[in-house]
Amino acid sequence: MTNLLHPTRRGLLMAGGAGLLTAALPGYVAAQGAPIKIGFQLHRTGIGAAYGRWYERTAQAALKMINEGGGIAGRPVELLFEDDATDPKRGSEVVDKLTQSDGCDLVMGTLFSHVVMGSAPRAGELKVPYLVCSEGYHVASGALNRWTLQPGITDVRAQISTMAPWVAANLGKKVTMVFPDYAFGHDHRDFFTTAIQAQGGEVIAQIAVPPTETSFTRYFPQIPAETEVLYHVMVGPAVLTFVKELGEFYGTGAKPALFGFVDSLEAVDTATPGLEFLEGSHFWEAHPRVKPADAGEHEAAYRAAVGVDDNGASVSDAKDVSTYSHMFSTWETLYFIKQAMEAAGYTGPADRQKLVEAMEAISDLPYGIERPQGAMRFNGKTHQVFGSQNISQIQGGKLVKVHTTTIEEGLYEDAVDYTTMSF
Amino acid sequence: MTGGGVKVWALHLALIAVLFTAQFWLSPYHTTNLSRIMVLAVFAMGYNLAFGYTGLLSLGHALLLAAGMYAAGLPAQLWGWSAGPAFIAGVAGGGLVAAALGLLALRTAGVSFMIVTLMFAQAGYLTLLYFAPVTGGDDGFAVAAASRRFLGFALSADTPRFLAALAIFAAGLFASLALVRSPFGRTLVAMRENEERSRMLGYNPFTVKLAALTISGLYAGAAGAAYALLFGYVGASFATIQYSILPMLYVLLGGAGTTFGPFLGALLMFALIEVASGLTSAYLFFVGAALVALVLFAPKGILGTIRERWVQWLP
Amino acid sequence: MAFGPFLLLALMEGLVTAAVLALAASGLSLVFGVMRVVNVAHGEFYMLGAVLAWAVTGFIPGLPALAFVAALLIAPLLVAALAALADGLILKRLAYDPEATIVATIGLLYMIQQAALSLYGPNANPVRAPFEWRIQLPWFGYSGYKLFVVIAALAVLLALWLVMTRTKAGLVMRATQVDRTTARAFGINVDRVYMGTFALGAGLAALAGVLVVPIQQAHYLMGGDPLLLSFIVVIIGGLGSLRGTLIAALIIGLSDGVISMFFTPTLAKILATLLVAMVLVFRPQGLFGARA
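Residue numbers (this note's numbering), protein chains in the order written: chain P, 354 to 776; chain E, 533 to 847; chain V, -2 to 289.
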């Protein structure tokens, strides 16, 4: 845990360096006053650890930039990280620890949906704002409470429904889906099946793979021969195996068009030997890993701050590929918090309810350094943010963006109105 | 084992009394953590009865924990049951599944028993995933606030939750004390020490072990139901193998075959993780090192070693 | 795909699974059989083999085959050394008490996992296979390296069998397994045998990890499944019987693939799991174990 009481050497050096740097900058406005403490529920160990590492890095980069800009309402901001081991029971304990023991104003950062589900009830009991970076549909589905929000990343329902029209128009209408047999995969199964049907398409086979599976070859014969599009969204350490084995199975013979979600390849180099099979295939990306030619004006500054090169890998190690389509959520969530706190005139934990109400009042979030992924629109009733999605194609071993959707394409009817619920 | 009498009961009462006062001198944060520890200790006490006293090395207790959790959580979610009936359903669920498990698994012993229980637990977890539309699968579901009320108190509030956890823990502790000091309790130990000789004395090993496992299941069911109702979350992750290893770890650490051992083990593991994670982000390494050091110093668990060396009358 | 080719694919996949499993489980069979202790950290030795293979192959430039052979030699040796150290420092001091060993090896598991996370990282990194060779059958393609894994595993297991049955070291190990006290009476240094067995068991697990890593990737949590499966295989096969372990690995590996042909994956796994349980319920000593 990184905090004031037990700083790591790296933390001290960074703080010292940041202090020197900011003091040297002309026109710098020093952040003063009691610090705002934001608790970060981090997957530092467990199956989410690969994401957790980049979440921490991106959040720290956003924190630095926010503090250099004067903090929130002139107060410096601190991030306190606690490891939830990607476990629901521990997640609930961590929310407790961050709120009651570490004295944080609010908690953010969770990715894996079962940890969100396990932790949200406790956040509701403690009446602390809980901002998840999870892309799960659980927030907008109404399964959680009024204290839980997802302002930094779109949810899978929106992501998946916007993909169907493009897939049906460009790749084919007969789809076989391969997905992990748990909530995340079921969401893909359910939402995509509905969405493709609306386009006149059909899901002809659904192959649900147990989440702990390490070898997939045995499932491939279940893919019907008339499949036009193979839709895949495997997660976890075995994704590389999945793609390699798919390549071995089909080889250079006839094969369906592939459409995947970059979740399958987060933190994996697309140029890895064995992935040649993916050449020419398409992927959903939230935030294009390889800097597109038409990238926004703030993209370069964002990448520099986080320490990521134009290929989406760490500037210190080109083989260390980031989880680029997910980690921006922590950056944007921090800026969302700043905006809401300043709008609410937040002074301390007594204002938490006022803070959530201020968040619910936010709607349009334009593109800027605060939102490097793109413009967003926050729905105060469902506590979920909506944004644009991207489709990229692997060309020459690199993901190249070929299509961007609009925010409107991803909107769907509200399934819940948290503002009518009590706190 | 039978020495002590009044001394032993007084000791247990004293512990409960100390725990009762803890809510006044501990911060709200630590009070809630103590509630968690007590619920886990109930789980571990049940495991202790099967493993520490009867010698049944089970790796499938997560199945029983999850059985209790879902037996309480599903009626609450589907039919709006309140906390009291849901809790009873949870306890019963744990016991029933334990009995069913025992009928099959107790045909084996030793390491085979270990694997059979493990396999049934794995199958149970996968079944929870298979019926995800009902169970919520890995994600699980939150238990509605209306079902978390007992005698007019909201179990989501700190003090009622603590008192409920303490009540359940106390009941479990005294029940286990009464059990191990009873003739039946001595039969359990006899089974562990020498099954053949017990059989020759006229005891039916199968029925004795089945009873032990079922009682263990009642405890596990109580713990699962308590977690669901007190902390408001039900999920399939509680049926995974780590929740079979945890009670074993608590029991071995605290002292197998002692009544306080499970609680001490649960408390110690929690404290270890808390302290270590405050010092470094690589805290698991130090927790592991601490476990190794602890077991080198106290191979029979902490209380087991204390009982062996100094305080022979410790229950 | 037609039934015939489907079955063939399932069997081939099952064979690869069985080969890796047999190798990992043989290590556990030795440790469990000779020392009678449950080593909860066994899967971590497997993981270390994979992770060290990644490290070695990354360090040695040039031909992947050369780097891989180096990994095959270096990784198991390093892991065996670590295991010997753990045995000498910890397990011996516990006098191999079964329950204390469980706690100690759980502690060891935490330590190794966290060390791997801190030093190696949370990512799943790939390792190049020593050769890329895709076999094209009329109905599907298959990785030639996977067939190599089967052959390599067979070779190692054959070597192990030869060592156990034809060498003095093997004889000493088997003697200690049969009766520790009598072995000691015959002048066998039981402590040294235990250390050697523990190291050998870990080395075999690591070797399995090295062979499997070009197929899967090296990930710091990859030891969990092999641990469980190894235990299942050893006990189903019958304690103390290496042959039983191998046959059980074959059956479990093959049946897992075949069962999944006929049912949805999760249901197939449920059925396979219950099948294993029922085998033990009706034959507790395992397939080849002696009746207790």
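One or more of the hints may lead you astray.
[Stated by the list, open to error] With a Cα cut of at most 25 Å, we get these calculated SDA-like pairs of lysine to any residue: (1) P:608 - V:165; (2) V:165 - V:153; (3) P:751 - V:165; (4) V:89 - E:831; (5) P:751 - V:148; (6) P:672 - V:52.
[Unchecked claim] Label pairs and their computed distance ranges (CB to CB): (7) V:176 - E:807: 44 to 50 Å; (8) V:66 - P:558: 55 to 61 Å; (9) V:67 - E:843: 39 to 45 Å; (10) V:168 - E:547: 27 to 33 Å.
[Claimed, not checked] Output of the computed footprint for chain E on chain P, the stretches with three or more beta carbons under 8 Å from beta carbons of chain E: (11) 468 to 476; (12) 531 to 541; (13) 638 to 651; (14) 760 to 772.
Keep in mind the hints are simulated off the structure, nothing from the lab.
Glycine included, each C-beta is placed from N, C-alpha and C at the ideal position.
(request) Would you pick out the hints that fail for this structure and give their numbers low to high? (result) Failing hints, ascending: 1, 3, 5, 8, 9, 10, 13 and 14.
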